[in-house]
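Go by the hints and put chains B, C and D onto chain A.
Protein chains in written order, with this note's numbering: chain A, 53 to 515; chain B, 53 to 515; chain C, 53 to 515; chain D, 53 to 515.
Derived from the structure by calculation, the hints contain no laboratory data.
There may be inaccurate statements among the hints.
For lysine to any residue, the following SDA-like pairs were computed, each having C-alpha atoms within a straight-line distance of at most 20 Å [what the hints assert, rightly or not]: (1) C:Lys247 x B:Glu216; (2) A:Lys208 x D:Gln212; (3) B:Lys85 x A:Ser228.
Number of protein chains: 4
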Amino acid sequence: MGTVIRGGTVITASDIQRADVLIEGEVVVAVAKHVPAADHKLIDATGCYVIPGGIDPHTHLDMPFGGTVTADDWRTGTTAAAYGGTTSIVDFALHTKGDTLASAIMEWHGKADDKAVIDYSFHVMVGDMNEQVMNEIPHIVEDEGVASFKVFMAYKNNLQVDDETLFRTLRLASDSGALVQVHAENGDVIDVLVKEALAQGHVEPKYHALTRPPEAEGEATARAIRLAEIARAPLYVVHVTCAEAAEAISDARRRGLPVFGETCPQYLVCDYTDYERPGFEAAKYVMSPPLRDKSNQTVLWNKLRSGELSAFGSDQCSFNLKGQKELGLRDFSKIPNGSPTIEHRMMLLYHHGVNEGRISLNRFVALTSTNNAKLFGLFPRKGTVAVGSDADIVIWDPNQELTISAETHHMNVDNNIFEGMKVNGVPRTVLLRGEVIVDKGEFYGTPGSGKFLRAGKIGRNAL
Amino acid sequence: MGTVIRGGTVITASDIQRADVLIEGEVVVAVAKHVPAADHKLIDATGCYVIPGGIDPHTHLDMPFGGTVTADDWRTGTTAAAYGGTTSIVDFALHTKGDTLASAIMEWHGKADDKAVIDYSFHVMVGDMNEQVMNEIPHIVEDEGVASFKVFMAYKNNLQVDDETLFRTLRLASDSGALVQVHAENGDVIDVLVKEALAQGHVEPKYHALTRPPEAEGEATARAIRLAEIARAPLYVVHVTCAEAAEAISDARRRGLPVFGETCPQYLVCDYTDYERPGFEAAKYVMSPPLRDKSNQTVLWNKLRSGELSAFGSDQCSFNLKGQKELGLRDFSKIPNGSPTIEHRMMLLYHHGVNEGRISLNRFVALTSTNNAKLFGLFPRKGTVAVGSDADIVIWDPNQELTISAETHHMNVDNNIFEGMKVNGVPRTVLLRGEVIVDKGEFYGTPGSGKFLRAGKIGRNAL
Amino acid sequence: MGTVIRGGTVITASDIQRADVLIEGEVVVAVAKHVPAADHKLIDATGCYVIPGGIDPHTHLDMPFGGTVTADDWRTGTTAAAYGGTTSIVDFALHTKGDTLASAIMEWHGKADDKAVIDYSFHVMVGDMNEQVMNEIPHIVEDEGVASFKVFMAYKNNLQVDDETLFRTLRLASDSGALVQVHAENGDVIDVLVKEALAQGHVEPKYHALTRPPEAEGEATARAIRLAEIARAPLYVVHVTCAEAAEAISDARRRGLPVFGETCPQYLVCDYTDYERPGFEAAKYVMSPPLRDKSNQTVLWNKLRSGELSAFGSDQCSFNLKGQKELGLRDFSKIPNGSPTIEHRMMLLYHHGVNEGRISLNRFVALTSTNNAKLFGLFPRKGTVAVGSDADIVIWDPNQELTISAETHHMNVDNNIFEGMKVNGVPRTVLLRGEVIVDKGEFYGTPGSGKFLRAGKIGRNAL
Amino acid sequence: MGTVIRGGTVITASDIQRADVLIEGEVVVAVAKHVPAADHKLIDATGCYVIPGGIDPHTHLDMPFGGTVTADDWRTGTTAAAYGGTTSIVDFALHTKGDTLASAIMEWHGKADDKAVIDYSFHVMVGDMNEQVMNEIPHIVEDEGVASFKVFMAYKNNLQVDDETLFRTLRLASDSGALVQVHAENGDVIDVLVKEALAQGHVEPKYHALTRPPEAEGEATARAIRLAEIARAPLYVVHVTCAEAAEAISDARRRGLPVFGETCPQYLVCDYTDYERPGFEAAKYVMSPPLRDKSNQTVLWNKLRSGELSAFGSDQCSFNLKGQKELGLRDFSKIPNGSPTIEHRMMLLYHHGVNEGRISLNRFVALTSTNNAKLFGLFPRKGTVAVGSDADIVIWDPNQELTISAETHHMNVDNNIFEGMKVNGVPRTVLLRGEVIVDKGEFYGTPGSGKFLRAGKIGRNAL
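If we strip away everything but chain A, and leave its shape as in the complex, we get (with noise of 0.2 Å):
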């Protein structure tokens, strides 16, 4: 006895298909014109498409930072990102120095195991480069099932690698058959200017923003695409914000380099502007990179359609304005980075992309969902609606309208930095791997029913 998804409009990263889906045990075993009921159960999806489960790339939980932890842990997350028709999140466990990075995913893998109520798998954000830890990476690949890693270029005296560790990062991960990412700052300008700022008593929210200009990310995101570039391997950027530095990717890819970039919701419905707010309400915004000026949308927006950026990532990071942002109240630079975008980040690009006619349906499900599966070796398990793929399905109601409110929302967190828009278009039911976990508002899943998911190795062709 399976499942049929009946009468909805299947849509994957290049097709549309009037068509039933049938699903026996965890995956899909059939895309039919028409499926018999038998004994299966029924799922109406009339009027509605039938779309692989959101694949998060890019989330943060249980995770420290300055002093405190994320206000979301694997349980409230995972379940927010399942009410948002995400099914899968890659999340970056995070490697300190001293540690291995096996100690590093073990860790991650405690945080998760009981919790995770979707699927998962994991970047390591590695925190000390050292030469141990560079022997480690083929392991790693190979036993532990992780392919991608997270080097930073700015956080001085902190996660900051040099061109060094960059350079040989990149080409012994290329040799394992993994994939390098990067957040890329230049982290020796922003410490300079933080100082600055802080020395000049410049002390709110605002000045997140101004100490860590445009340029200084172009500048590492060119930097970094250089070093891949030499070293013959592939690259990811993370939160692509600016135009400088989704133009250094474009140069890139005229080359015929295998780079890839990556923007999240924020960068395209919030701007600096917010950083203006009255009060302390600025410090919700607080994130790295910060937003940017309006007329940077524009051009994400024409890179997200042209293929110019690949993937599409929430960068979950919660605090709550309570307690946790506000330990920079008088200091910007202690304001914890991040926000709670998991739950929002499909709901955002399809009502300002889909409806407002920026992005194709294809585009959309390639951007939330087939992209990052390829990008990071889970495909074709995840990321699409096939024959043979888990049964990772949204039933997205197109007609349906949601206000995003902290008030409302699922994430545990105090604030919202989309609060207060609309959205029309939402994820009616959500199942994972044949399961409805969500459905019509109602929460179904179970705590430490998600799987962790073992990456493949990542080829210069993903895309």
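Positioned in the frame of chain A, the structure of chains B, C and D alone reads:
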């Protein structure tokens, strides 16, 4: 009773699935893990890829040119196409001065009706864009099912139009949901250079190339783009051959414009040095735009991979060396332009692209079929292996080798510009709307069984 | 007995020297630390800059346009020029259909001969580039001393030429040692937009700008450059107004091409919003190309500084608001194009450029005089303060202020588009070939004393 | 009693004048049509160009490097410079760890004082940019007359600084009116590549080039520019060798930034294939950055012509093949970097630039002298033939030929990378502050007579 394609790996523009395909009547009704044999006809695809039949967006069959007519008519041309895995073509109906667009289409129906062994639709190649013809455009889209119009920026005093005409056509077509295509070379410049070369006694075939410099293609491409930008119209640039033109398209895409470029196999595997072949053999390679310096090939491959070039056509336009190309024995400008390429388009892209790691399998499918269907209003009826789509399917054997030769090809022409080249990966079985028309080298199609395809309207977000 | 300019700081396009200048007859014979008084006439230049008289490479005096004729003739126009520190102009002789180039030049000699108070040479503005006219070019260069030819890419059905003509002119001019200038706007596109606007009842002056989009200028500029590239000819682009065109010129220079761009004061200090002035005042600003969005000003300034724009002309073309501009009271397309700018060209560049730190003094001299002389075959007779050069000298007082107004200007026209603007730095004394023609606001020149300057041949390395 | 240079053609960066030059004491006091003989010493310059003495902005004399010291000291180096028409150099004072900048300058004064036969000023090459050193900068500018500071982005674990240091130096220098220079190669990447090559037994000289890819230069150049952009500081990039770096500079100039690039003769006339010379001869060409693929030469020439590259230095740094270069006989990384180029810098630019029509005479003067004086605070005392300027003058004979050879050159080194090249156009007579120091191959200078030049502050609009 239907047909089951069993045991293959189904490839679409985004997916890869080990699945059986069930065909009922002319369409695919299921893609499934296992389709029971029942009373279906079984086709074994073990070890093969199951891909959508190719769509060649650029052919010239039974077309008059320079006092002669192409060597291949609709029977031989479409038969050769079928052998190459192509199940639909979009051929150019040639409109001539004083004529209506409708009568051009009618004439082309006459050429195709009894002869075509695969499906087809038409572009209209506008020969004389006067007021009356422009007014015909909306009607042609609505009533004739033809939604793309080709305008020439070259062939002075013949097909070439001025910028006013191009601009007005762009606006009108865009308003009507049609797509304008341009042959982008600056005909004025070429006309001067050709006359000058001839005056200097430079009559050999290579002067065809030397009088059509890449800058003249770059110029016209950039101009057409600017006109489309002002007109807020989408644009399709046929046969992009060189960096100058390809970069202009990339620039446009960076500005967010819906501009789409096509290239062809000859520009990827032949080059200017072919014009230096001894004797009159060089005449085989006379086409417009001409073959370019080899350095352009890398540029084109990079853009095929990154998606900055969107389509892959053959520009099939065959002439016999004997009797036809020879018209220009003493004057390169009298050599009929064009070469026989319809048959090997897909194999060449597969061999040099997929086998050599330049593009993925998905991209191969997108370029040879899916994108072309989307750009010319044939999707999702054509261009994919999906429920509800026509069962135009190629069973592609990645392990079979072929040596291209005029001796063995199926085109009705005495030469082949790819003579002697080896490819690995060929179509083993080809189905048109569920019927096997080619199998293991045997042809089972029927002249006249190809159907005309009405093109739907074409949007800015087609891709 | 000569004249000594004593105590000033002599500025050339590259040098700054505290020196006296000795003039004998019409030329400078010495630049020296100290020139003894002897029996020379002494002019005190203490506290002032001693710079070469300005050369305005772009003026239209006594020119018929749209059924009227410019408000300024050669007497009033050159007098105003002299007040502004300009001692030579290159005016456009208008060739008309059916006429020879030689007769156009003869006609222009007739306009200038008895009236010019400063020196002058001619460009020919080719109105009808037929075979016979083309053949005249070498003769014009050799015998008439006119070595620059302007070709129009705009003004459809009037001055506009096709690409064949432009291309052939480029080749022929280049072979003859002449320079081709283009008015670079796509006239075909503009013609369509203008007709359409009028058909919709959009008759106000602002529609002049809205029907001439910057993309149409960018397109034509890029096209002219490509044609010059193929023709291996140098090219001069008049009145560059916008990023689209300026970047095309920068692209060309990157490819190593001898392409030179000119801009004008109005594009640096006025902008599109001037067309939104109430009533018919906006008509004052109607010129082609039109004023652009203010963001273009920074682009132009950057390129003036870096040398990517080479020349600075006025595009003087004055019409009275009363009686002349009013011809277009009910139809923007009938408003005579152009504005009175010959008098304040240098002051505006000095004030906004030098005073505001955007360009150096040397660059100011290069842009207003030296480069123009070099580009149009007048150097070293004109364009510098150096031994053997004509003693065309301006004693520039950097500390004197002027408020621009039609009430006080010396042009014979009832309006000034810079009305009310203040500038700091004005010409105090102006010498033409050693004779003072303006001094502290008084005019001492004589109509008819201006001499025609034969232009020398113009090389690719002019600058 | 003075000196008169009679009958030549005086060339400055912008002018060409047939004039005599009168020198009194050390300076030019007049440039005049005719200077009477009176009791002056007469130098005949008929048929020659009279140009400003060259200013070499980039020399390394008597500099320790890799356990040895350059073959040329201040006597031999400046003597050879004089023979080549160079009358001032800006040499790099090497600051070392633990030292003050002031003491580095003092040390360099000691090397130069008794030996220099031409004038000189200093850059400081900062070896260890710590807090104390940074604080010294304003004092160095004000008190020591040194206003340019070179910072290394290469030579890891030795001279290389991190981005914080570079950024802070840029800000501090800019505030002090000084100019920062960068050696722009990514030292981290190079360090990895060098170690790897050696580990693989790749010890031949060509591996010097293969471990320093052009992308590493392009990266560092782009990075330095972004840092200067954020710091709002001017920037000078030494020895630009390749398209990657040169285009980054052009991009910066398009954004309006005061970024200036220098190239050197070796990058115009030598190329990577010189590393493939048999035996150890290739070691002669080992310099950093290395010689590049020949295709870069056209890029550099185009940018020298268009002004996108601003300066032309020698990067003189001579080592004997015997005994010095041989230190790296079995390890390319031990070959001392550098070549003897001070003597033929101007002749090579003249021959390949002016004679071959790539640049004008004015541009030749600008690149070899004027721009360098302006960029390094020596103008107008140096860099021109003008009233009040030092009488550093070269009488350049455009018709005399020279074959370059180590056998005949005046540098104290056993090799010459331009060996056997012929140039047409050489310095016939060289004056330093009015005194003839070289005449028709004879040397008349005196060690110790060269004077130290205090550099003035350097503005953003230097050029």
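Hint-by-hint comparison with the structure:
1. C:Lys247 x B:Glu216: holds (12 Å)
2. A:Lys208 x D:Gln212: It holds: about 18 Å lies between the C-alpha atoms, which stays within 20 Å.
3. B:Lys85 x A:Ser228: violated (32 Å)
Violation of the numbered hints given earlier is confined to hint 3; every other hint is satisfied by the structure.
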